[in-house]
Amino acid sequence: MTLAEKILSQKAGRKVEPGEFLLLEPDIALANDITAPLAIKKFKEYGGKKVKYPDRVVLVPDHFTPNKDIKSAMQVKMMREFAREQGIEKFFEIGRMGIEHVLLPEEGIVKSGDLVVGADSHTCTYGALGAFATGVGSTDIAGFYLIGKVWFRVPESIKVTLRGKFKDLVTAKDLVLKLISILGVDGANYKAIEFSGPGVKEISMDGRFTISNMAIEAGGKTGLFPVDEITIAYERERGIEVEEMYPDEDAKYVREVEMDLSELEPQVAYPFLPSNAKDVSEAEKERIKIDQAVIGSCTNGRIEDLRLAAQILKGRTVSPDVRCIIIPGSQKVYKQALKEGLIDVFIDAGCAVSTPTCGPCLGGHMGVLAEGEVAISTTNRNFVGRMGHPNSKVFLASPAVAAASAIKGYIADPRKL
Amino acid sequence: MGKTLAEKIFSEHTGRDVKAGEIVLARVDIAMAQDGTGPLMINEFRELGFKEVKVPKAFLFIDHASPSPRKELSNSQKMMREFGKEMGVKVFDAGDGISHQILAEKYVKPGDLVAGADSHTCTAGGLGAFGTGMGSTDVAIIFGLGQNWFKVPESIKVVVNGKLQDGVYAKDIILEIARILGSDGATYKALEFHGSCIENMNVEDRLTISNMAVEVGAKAGLMPSDEKTREFLKKMGREEDFRELKADPDAVYETEIEIDATTLEPLVSLPHYVDNVRKVSEVEKEKIKIDQVFIGTCTNGRLQDLEIALKILEKHGKHPDVRLIVGPASRKVYMDALEKGIIKKFVELGAAVIPPGCGPCVGIHMGVLGDGERVLSTQNRNFKGRMGNPNAEIYLASPATAAATAVTGYITDPRRFI
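For the record, the sequence lines run as chains A and B. Quick note: the first sequence, position 312, residue 312 per this note's numbering, numbers continuous. Quick note: the second sequence, position 195, residue 195 per this note's numbering, numbers continuous.
It is possible that some hints are incorrect.
Below, a sample of chain A positions facing chain B; criterion: calculated Cβ distance under 8 Å [as the list claims (entries may be wrong)]:
hint, residue
1, Y53
2, N67
3, E93
4, D114
5, Q331
6, I347
7, E371
Dumping the calculated DSSO-like pairs for lysine-lysine here, alpha-carbon to alpha-carbon at most 27 Å [stated by the list, open to error]:
hint, chain 1, residue 1, chain 2, residue 2
8, B, K85, B, K332
9, A, K314, B, K344
10, B, K344, A, K90
11, B, K228, A, K335
12, B, K85, A, K339
13, B, K85, A, K332
14, A, K15, A, K41
15, B, K315, A, K335
16, B, K384, A, K332
17, B, K85, A, K77
18, A, K289, B, K85
What the hints contain is simulated information worked out from the structure, not anything from laboratory work. In this text, a Cβ means the ideal position worked out from N, Cα and C, and glycines have one as well.
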């Protein structure tokens, strides 16, 4: 069995096959300040009075918080009241709040082997822990509130075999951008992407989250890593004991891709698709002027990402023509960055540091682009208008490339600084 | 006959002795606009056919919606940056902080005439400069000509004597002034501060008081420039900008009010008017539940404000139902707070620390309230809808009262936590 089949079989209590439809009880159902209000409304419309499993419900107001307008304030208020009324303890108020997909693993809410649904497409992030985690609609979440169940189709899997080691300043982000350029944005539609091979142990948990996070950008239902000693150590820090989990040797895949980490270069995904990746050395030649650099998000807002950005920015200054916005993914990440002096480095370099939020990634707030502006961002999407004006452009890259570009004022190779 | 501070400053800027009531053409030292008013100012500047900026120090601040929350605002900000480049005007951008704080840290000198397309430009009075808010068109004219017309204001002498009790601060003094004068009690007049309490006060506190002069309608809130001013300028690395500047002993004032600092209690301004001021000790009995506490702004977002609030919160912890938002007023305040470990402690306490800017105070982003919610803020205005929602209530108080309220969840007298 593949990892996806293993997890779903375990939840179903029998061996399942790709293509089967299942009605299962997820361990966790997540919603945020955009999707939760819709789910709550639907729940009430369906006649819902009492949430079936309040201890499995997670509500994270992260997209427009601290609230940017009345509408968003009312949405969060609705979540807050619903949490109080239903006895949902996992409502994360600002101050405790982080970007959902950074927060849930960090808090030990999601663990290896779990089945997780989230009314947010990047719920696939938890695949890094070996959890079958996938984005669903708000109405699916409403259904879960009501009956504690959600239907699934067992997906086929694509096997990505990794070998080799990253070269200096090449990161998990570069790997996943390259992979999406190989698969295409619809190359993994309704399939699970499964990572294996000796290269897996070269990738830290933070790196794995970055990779799994972007599985959806190739259409993947989820992006699964095996549960190995790195996962076990991460879980143990949170007081969770899990067992190793690998796919069976005779597991069947619909496609296999091989990637050598040592052959990778830093990547830049051009507008308007995450699959438009090019080597940064090529991009640098074009002297693409940028107005804004964003370092953060559920893709790259973890401590290793900030460390990498600080390594590049330390003792250097952001170009006077660039706004560089740094957004720690959670309060814990923020605290750790403060402790390590990374925030000092950022402020000294001329960056604006924000409280955790999804903010500019989805054009929500905290750095919306004007007409004709160009941003380099460590986020996961560069669709038309994603970060603001429909006539603005977003290039996706690693924190190293984003930081180097912020310094130079154009898309730049961090290895040449 | 002697001169008030306002008369002195206008005399210097017109090249002749002027008196209250005169309409004068005066040269301006510092002019500025922010991202709310800057785009209007720039359009006027262009429509009036100006080709270059003539005011000695001109600045544009992107502080109200920063980093931008909407593409329309992003477009206006882009236009400001382009204008700044074209005209050689420095633009302070996302992360730099609030205009009035940056001006106080880097540029304002005692005796300066400062005009800004922002009502709280009167903050500069804390350094003995005549700072006043004007319309975007007026500021466009100043950008183009380096001067504008002013009416030399009458002055109200505000004498504050004695020593403040523990737990009572500069913010409480200005709220007391608002209570006495009312929100239009000083319309088109200058407040001029005197007395032993003012003399012993540092410039940071004076900035808090001057900042709110406009809340009683005043054109400016003028502090003497004295050794405290020298200390501040020295700390900012520009002691050479210091000069002593005080009103003449025989200056003529329209009225005079006296405040005894020793009897002053912590005060709170209730919705929806700044002059709706009551004692916190009385309001506390009503157990008014607060959903959000905001510590920051051009009124009370300086290092000492954060320190005072942290001291209380560190000892007593934050109430789980209160959202605490902390906004350092400038990059320098943020840096200093980082160095002192203040930011880390706030983050540990469960505060959301936002980048320096005006955001929540003006209801643009980073803390807009839901219907029926209540906020206690260290800012300067609590008009209906000010923080983005007309169906919310805003209470104004000092950072200490804000912190005590964040501890208990309802409006609380800070004296029992000190």
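Comparing the hints with the structure gives:
Using the Cβ-Cβ criterion of 8 Å, the hint placing Y53(A) at the interface with chain B is not satisfied: the shortest such distance is roughly 23 Å. The restraint placing N67(A) at the interface with chain B holds, with a minimum CB-CB distance near 4 Å, inside the 8 Å limit. The closest approach between the C-beta of E93(A) and any C-beta of chain B is roughly 6 Å, which is under the 8 Å cut-off, so the hint is satisfied. Nearest Cβ of chain B to the Cβ of D114(A): about 27 Å, over the 8 Å cut. The hint is violated.
Hint status for Q331(A) relative to chain B: holds, with the closest Cβ pair at about 6 Å, below 8 Å. Below 8 Å, beta-carbon pairs count as interface contacts, and I347(A) has one with chain B at about 5 Å; its hint therefore holds. For E371(A), the shortest C-beta to C-beta distance to chain B is roughly 5 Å, which falls under 8 Å, so the interface hint holds. Distance check on the hinted pair: K85(B) and K332(B) sit about 24 Å apart at the alpha-carbon level, within 27 Å; holds.
Note on K314(A) and K344(B): the hinted pairing holds, with a Cα-Cα distance of about 20 Å set against a maximum of 27 Å. Under the criterion of a C-alpha separation no larger than 27 Å, the hint pairing K344(B) with K90(A) is consistent with the structure, at around 24 Å. About 36 Å separates the Cα atoms of K228(B) and K335(A), which puts this hinted pair outside 27 Å; it is violated. For a cut-off of 27 Å, the pair hint linking K85(B) to K339(A) is broken: about 37 Å separates their Cα positions.
As the CA atoms of K85(B) and K332(A) are separated by approximately 39 Å, the hinted pair breaks the 27 Å bound. Straight-line distance between C-alpha atoms of K15(A) and K41(A) comes to about 36 Å, which puts the hinted pair past the 27 Å bound. Of the supplied pair hints, the one linking K315(B) and K335(A) holds, its CA atoms being roughly 19 Å apart against a limit of 27 Å. For a cut-off of 27 Å, the pair hint linking K384(B) to K332(A) is broken: about 36 Å separates their Cα positions.
Proximity of K85(B) to K77(A) is assessed by CA-CA distance (about 43 Å); at most 27 Å being required, the pair is judged violated. Distance check on the hinted pair: K289(A) and K85(B) sit about 16 Å apart at the alpha-carbon level, within 27 Å; holds.
Going down the numbered hints, you'll see the structure goes against 1, 4, 11, 12, 13, 14, 16, 17, while the others check out.
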